[in-house]
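Asker: Keeping the supplied structure of chain A fixed, place chain D upon it in accordance with the hints.
Residue strings, one per chain:
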Amino acid sequence: MNKDILTFIEVRDGKIQKVSLELLGAARDLADVSGGHVVAGIVGSNLSGLIEDLKTFDIDLIYSVDNSNLKYYLTDAYARAFEKIITTVNPNVILLGATSIGRDLAPRLSARLGTGLTADCTKLEIDVNGSLFMTRPAFGGNLFATIICPEHRPQMSTVRPGVMARIGANKGRLVNVIHLDVAVDKPRVEVLEEVVATQEIANIEEAKILISIGRGIGGDENLKTAQYLAGLIKGTYSCSRSLVDCGKINPDRQVGQTGKTVRPELYLALGISGAVQHLAGMEESDYIIAVNKDRTASIFSVADLGIVGDINQILPLLKEEIEKNAL
Amino acid sequence: MKIIVCIKQVPNTTEIKIDPVTGTLNREGAVSIMNPDDKVGLEFALCLKDAHQAHITVVSMGPPQAKKVLYEALAMGADRAMLLTDRLFAGSDSLATSLTLAGLLKTLEYDLIITGRQAIDGDTAQVGPQIAEHLDIPQISYVNSLKFEDGYFIAVRQFEDRYQTLKATAPLLVTILGDAAKPRSLHVGRLIEATETESVELKGASDIIVDTTKLGLKGSPTKVKSTWNKVVDKQKNLLEVEPREAVKAIIDTMKKRHII
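Chains as they are written, first to last, in my numbering: chain A, 10 to 336; chain D, 67 to 326.
Be a bit skeptical, because a hint or two may be false.
[Unchecked claim] When the alpha-carbon atoms are kept at most 20 Å apart in a straight line, the in silico DMTMM-like pairs for lysine to aspartate or glutamate are as follows: (1) Lys-248(D) to Asp-295(A); (2) Lys-80(A) to Asp-194(A); (3) Lys-289(D) to Asp-136(A); (4) Lys-314(D) to Glu-332(A); (5) Lys-322(D) to Asp-295(A); (6) Lys-333(A) to Asp-216(D); (7) Lys-322(D) to Glu-332(A); (8) Lys-314(D) to Asp-313(A); (9) Lys-302(A) to Glu-308(D); (10) Lys-243(A) to Glu-330(A).
Everything labelled a hint here was simulated from the structure, so no lab data went into it.
Extracted from the complex, chain A is given alone in its bound form (with noise of 0.2 Å):
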């Protein structure tokens, strides 16, 4: 075991993920206390490609699989090859994207080399020793709780998208390429088909301002009007999980703990009560605008400005403001 530093490579339709760059600039965050190597690993076909463009970033090493046969990510497969990696470097600390695939694929791993794994962190620190502290939330964003795996090693993690700041570029750093085979078995689970959304999925954690609609908005004319205003002031609109959950509004616009976590410049909730798995996705927000009938609303303890009111009442208002002074 040394000091290094591992960080799964997300690829999707021949792309890295963001995450996987917020991975590598929290992993370069570490290693400048620890010491040791910062190392992506990456799996999957056609890499040469993807491998020229981590070499621009602050990194030290790259550990390839590259087989026809990842095209697709399969469980068994990505973890034989991506198990390959981890024992060739021998890492310390392993961290993996806290999406649909690192959390299919860390669990698996961290069962197979019999060591511990805390999910999705967000926030990891590590001491000079390399021992790692990684928080996380619990019950719903209520709980914060801080982990450490004190006896096995290596230490792994799966770190929520959106929370580490993306790694740097490479200012001359020499970054060796290894490429590793692994044979890849007839897979037990096959793919008949994969389908990417064809419906533009609406990319709320980019938007600098969000319109955010709960269930307190009242009727269709008003959760329109919220749509609009979001386009006046040049940003989007989001929502709770109830609007998602009478099939309002999409999943994609879906703010808190089982939607996306979001913190742009202003946030203004409409008619959104608060619950804890919703102010776990947006709280972090810059500035939060909160407007809601109810005076107890659990939305107050969050907002920067708090407005007890009738939705009914105040929108149209807003509606007229905002028209007569949008840029």
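Answerer: Quick look at chain D alone, frame taken from chain A:
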């Protein structure tokens, strides 16, 4: 077909609210329930049973009071219920939990193992895939539909931006998404019968196939170093004013922040 469904009893975290005045958790009213994703997993098993005459065993791990969710599962239509309960299991992290559950599953026959995607108290989503690894069987996680056709399981697996339709033979483990189906109601008569006959079988560490040094708090690789409740600032600026004045406050803020 033999199906095993893993079920966890959890506190109903959706009922926990933050007191906006004190900023502390208000846990009053948070009762123990069957983990929602697991309940949907059980519904998947029951649908397979409806179509293919499956036998369903539900298993849980926890203190004796976790029997309650197993009675509920029997009342929904499960055939057999087992609870892993032993002081040696206390304080298990996800790896130790998965070893314990896998230790019981190794003593049972199964074609399909179903777990919920994740539990609402821990939110780790790790135990299902870890069980599959211990049993050396394939896994399909994030499943939102599952059929059995011509000897194959056909599952639809959801990703953030896509889905895959996958085909596998038994034995297989799947983890089910909580919004994939609506669980059926329980049958009150069966609930009374299951409870009165105490039909949940209790299993301890000596009943399962496991290395006991890997159980419980001691056997868990991860430890909780510290926990803290979310610190919530007290309400900074709560306005209860006429709508026009309220809108002015919003507009002023937007102007100040160069949004309009």
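Asker: Against the earlier hints, flag every one the structure doesn't satisfy and list their numbers going up.
Answerer: Violated: hints 1, 6.
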